[in-house]
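**Student:** Top to bottom, those sequences are chains A and B. Using the working numbering, you'd call the opening residue of the first sequence number 59 and step up by one each time. Using the working numbering, you'd call the opening residue of the second sequence number 59 and step up by one each time.
Among the hints, a few may not be true.
The list treats identical chains as one, so a pair stands whether inside a single copy or across any two.
[Stated by the list, open to error] The list that follows gives simulated cross-link-like pairs (lysine to aspartate or glutamate, DMTMM-like), each with its CA atoms no further than 20 angstroms apart:
hint, residue 1, residue 2
1, 437, 373
2, 261, 281
3, 261, 210
4, 485, 287
5, 485, 289
Hints are computed from structural coordinates only; laboratory data are not their basis. Treat the numbers as computed from the prediction; the structure is a model and nothing was measured.
There are 2 protein chains.
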Amino acid sequence: MPNYANDPSRTSWLHVSENSDFPIQNIPFGVFITKDDVITIGTRIGDYAIDMGALQQLGYFEGIELTDDMFMQDTLNDFISDGKKTWRLVRNRLSDIFLDSNPVLRDNASHKDIVIFNIADVEMLLPVQIGDYTDFYSSKEHATNVGKMFRDPENALLPNWLHIPVGYHGRSSTIVPSGIPVHRPYGQTLPNGETQPVFGPSKLVDFELETAFITTDANLMGEPVSVKDAEDYIFGMVLFNDWSARDIQKWEYVPLGPFLAKNFASSISPWIVTMDALEPFRCASPEQSPEPLPYLKQTGNHAFDINLEVAIKPETTEETIVSRSNFKYMYWTMSQQLAHHTVNGCRVNSGDMMGSGTISGPTEDSFGSMLELTWGGQKPLKMKDGTERKFINDNDTVIIRGYCQNEGLRIGFGEVSSKLLPAIDIKI
Amino acid sequence: MPNYANDPSRTSWLHVSENSDFPIQNIPFGVFITKDDVITIGTRIGDYAIDMGALQQLGYFEGIELTDDMFMQDTLNDFISDGKKTWRLVRNRLSDIFLDSNPVLRDNASHKDIVIFNIADVEMLLPVQIGDYTDFYSSKEHATNVGKMFRDPENALLPNWLHIPVGYHGRSSTIVPSGIPVHRPYGQTLPNGETQPVFGPSKLVDFELETAFITTDANLMGEPVSVKDAEDYIFGMVLFNDWSARDIQKWEYVPLGPFLAKNFASSISPWIVTMDALEPFRCASPEQSPEPLPYLKQTGNHAFDINLEVAIKPETTEETIVSRSNFKYMYWTMSQQLAHHTVNGCRVNSGDMMGSGTISGPTEDSFGSMLELTWGGQKPLKMKDGTERKFINDNDTVIIRGYCQNEGLRIGFGEVSSKLLPAIDIKI
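Using the sequences and the hints given, assemble the complete structure.
**Tutor:** Structure (structure tokens):
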């Protein structure tokens with residue numbers, strides 16, 4: 059089936075500003091609530107949120123096999139379950155509905171009134187109910203930086219890293235959409251030079267620049283998904299800030315991995331950009347040496363050229379961009395991650411989320427965490443307002459943005475923006 | 059509100075054999091499917107499964123505030139969400155309905171026909187939709203054994219272990235009820251003395267003897283649950299076999315913890331035994347030294363005296379009991395685990411599951427895994443049929459049983475039984 063929604067010559071009768079992340083070629087999927095407390099599945103063109111539930115009720119999806127209430131739901135899980143063919147049919151249909159030359163909705167004022175909202179008038183919700191969330195650790199530069207700081211500078215990469223897309227399970231219940239503030243977490247830490255741990259708010263709260271992909275039902279328990287087929291089970295991608303408390307992490311993580319240092323909050327951008335929309339930005343990954351085992355071996359281009367940046371905005375002054383990176387630096391691809399995840403028969407469901415791991419580029423200004431950017435706090439970052447940051451301060455907002463760009467087209471994710479609030483007042 | 063369902067003098071008009079795990083004082087909760095494909099929430103007395111959906115439709119829960127379809131659901135999540143007061147009201151009511159002296163259902167043949175099934179005629183399903191699953195590592199004996207084998211025999215316990223109920227996130231999608239067979243998983247391993255990993259079926263599949271507790275909605279994101287209040291948010295417990303592939307685990311687990319070595323399958327017993335039913339078996343925990351930090355400190359008895367055993371049954375011969383242990387050996391209590399889990403504001407929802415970690419006792423015959431029982435395969439176990447086991451063989455069934463016993467009363471869990479099938483045939 060042609061993916062004609064990607065045609066760069068298409069324009070919409072909805073206004074799209076020049077540098078918008080959301081031209082008619084994007085058509086991402088999300089869930090929003092209107093001022094009248096209606097929750098619906100929707101898409102976005104320019105600065106307009108489109109109510110797909112209303113579109114469905116008005117008959118705009120006729121001819122596509124969908125359950126009657128497919129878009130009148132508060133999560134995308136059922137739609138994602140329907141699989142790649144349906145995603146493409148719906149995305150093509152949306153492209154047609156908003157195509158410049160199509161008068162059907164364009165010239166129907168009462169329908170437009172029901173269907174189209176200013177983006178500022180809706181609140182974005184979590185787009186999927188995330189059953190299971192896995193975080194990978196697939197940036198070689200990040201793994202090397204962490205290894206240098208915490209283990210052995212001469213043998214920074216652990217022996218398994220070049221053979222395994224290392225990953226671990228995370229917590230679904232604290233994944234929140236952009237805009238939800240996060241409190242500085244409490245926890246146990248071991249102060250430098252001490253032997254007894256202390257309890258209190260984390261002193262070293264950090265962001266992690268990541269992306270994440272959302273899956274459809276990929277397999278039954280016991281059945282691996284091959285690396286060749288894996289991309290068919292990936293619905294789309296979001297930006298992801300994997301909030302981390304470095305002092306809690308350092309004390310707790312041996313031997314079973316990070317736990318409370320990570321599960322206090324994880325923030326995602328609310329619009330899932332489909333793999334169909336990202337197709338024009340497919341590119342090569344870094345060379346893999348040694349060659350991966352056969353179940354992870356793939357040919358062709360499986361990376362995506364996605365520009366990423368992180369800004370820190372203090373409460374009352376302007377933001378400072380602290381990192382510029384790119385998703386294409388990842389050593390392991392998403393299809394390798396998914397093939398590895400299922401090779402033991404682990405079941406993957408619709409709405410599961412898999413994080414890339416911190417995305418660090420090759421240069422110091424492309425590192426994906428304050429831990430790396432300030433090299434463990436040794437080299438504070440200068441902010442535009444003259445203050446310095448080793449880690450994230452109370453009331454700072456961390457903003458991650460991402461977009462793809464070629465000569466004719468920009469496809470973006472918008473942003474994931476979340477404010478770090480002070481620790482709550484607790485008496486324990 | 060009195061918890062009178064626990065009265066040991068009560069007897070039921072339903073037959074309960076002498077050593078049954080399910081006297082009228084138990085009243086566990088589960089979900090089953092009948093031969094007519096009806097899925098319902100139910101309880102068990104003796105060898106009878108009770109259809110609580112049918113009981114509700116017939117008016118037997120009148121006077122208790124419940125949504126109309128509370129028990130006509132395929133998970134217990136909504137019921138568990140209703141909180142401790144409702145659990146107790148329903149359990150007391152069930153005790154009354156089946157009380158020897160109560161003729162209402164006893165003498166109504168047509169109602170009995172609808173409500174009561176032989177346990178052999180129903181299939182037990184997963185009792186809850188598990189949003190997030192966490193596994194702890196709270197047996198000091200187990201952590202010490204593993205530390206001796208894999209790290210430093212002189213410093214077997216890691217420095218954080220006595221201060222933190224160490225835990226990590228697991229995979230919800232592959233938690234299955236007793237009776238579902240499990241395939242030997244594929245994965246990467248590093249053969250002894252080699253530097254390049256190989257791919258194939260795991261050679262060292264193991265069980266882990268655990269229990270798990272199921273929570274109700276405990277908090278909002280950002281709000282800790284105090285150790286004092288934690289027990290109020292625990293609905294009940296199940297037996298838990300945390301299947302593990304030791305060779306995959308050894309190669310993959312540094313630095314982010316076990317992943318594919320664990321997430322191919324985790325098996326639980328299908329009846330959730332409530333904390334109310336376990337109340338008579340409350341007992342002291344091992345002394346905690348050093349004293350825990352204030353947020354983990356508690357007084358009184360917070361352990362439970364639950365006898366546990368593990369049997370291995372080869373395909374065609376009789377079973378051999380390979381371990382006898384007790385839940386009371388756990389160093390950290392469930393309330394400490396839950397308080398720790400939420401101290402950073404991590405949200406805990408209805409139906410979340412938290413595993414104890416492998417439960418090993420102080421003696422060699424009370425260890426909770428083949429890894430420990432055979433000391434890494436060095437001391438194979440003799441089976442009754444004359445064969446030996448270092449780990450679990452294809453077509454072996456692993457059975458975990460658990461029960462509490464005092465002079466007057468036995469409250470049990472039944473069993474979690476699952477067969478290890480050979481690796482599937484895959485071409486990669």
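**Student:** It remains to establish, for every hint, whether it holds in the given structure.
**Tutor:** Outcome of the hint check:
1. 437 / 373: neither (22 angstroms within a copy, 63 angstroms between copies)
2. 261 / 281: Only across copies: residue 261 and residue 281 sit 19 angstroms apart there, 44 angstroms inside one copy, limit 20 angstroms.
3. 261 / 210: The answer is neither: 25 angstroms in one copy and 31 angstroms across copies each exceed 20 angstroms.
4. 485 / 287: Between copies only: 14 angstroms across, 52 angstroms inside.
5. 485 / 289: between (49 angstroms within a copy, 19 angstroms between copies)
Checked against the numbered hints above, the structure violates hints 1 and 3; every other hint is satisfied.
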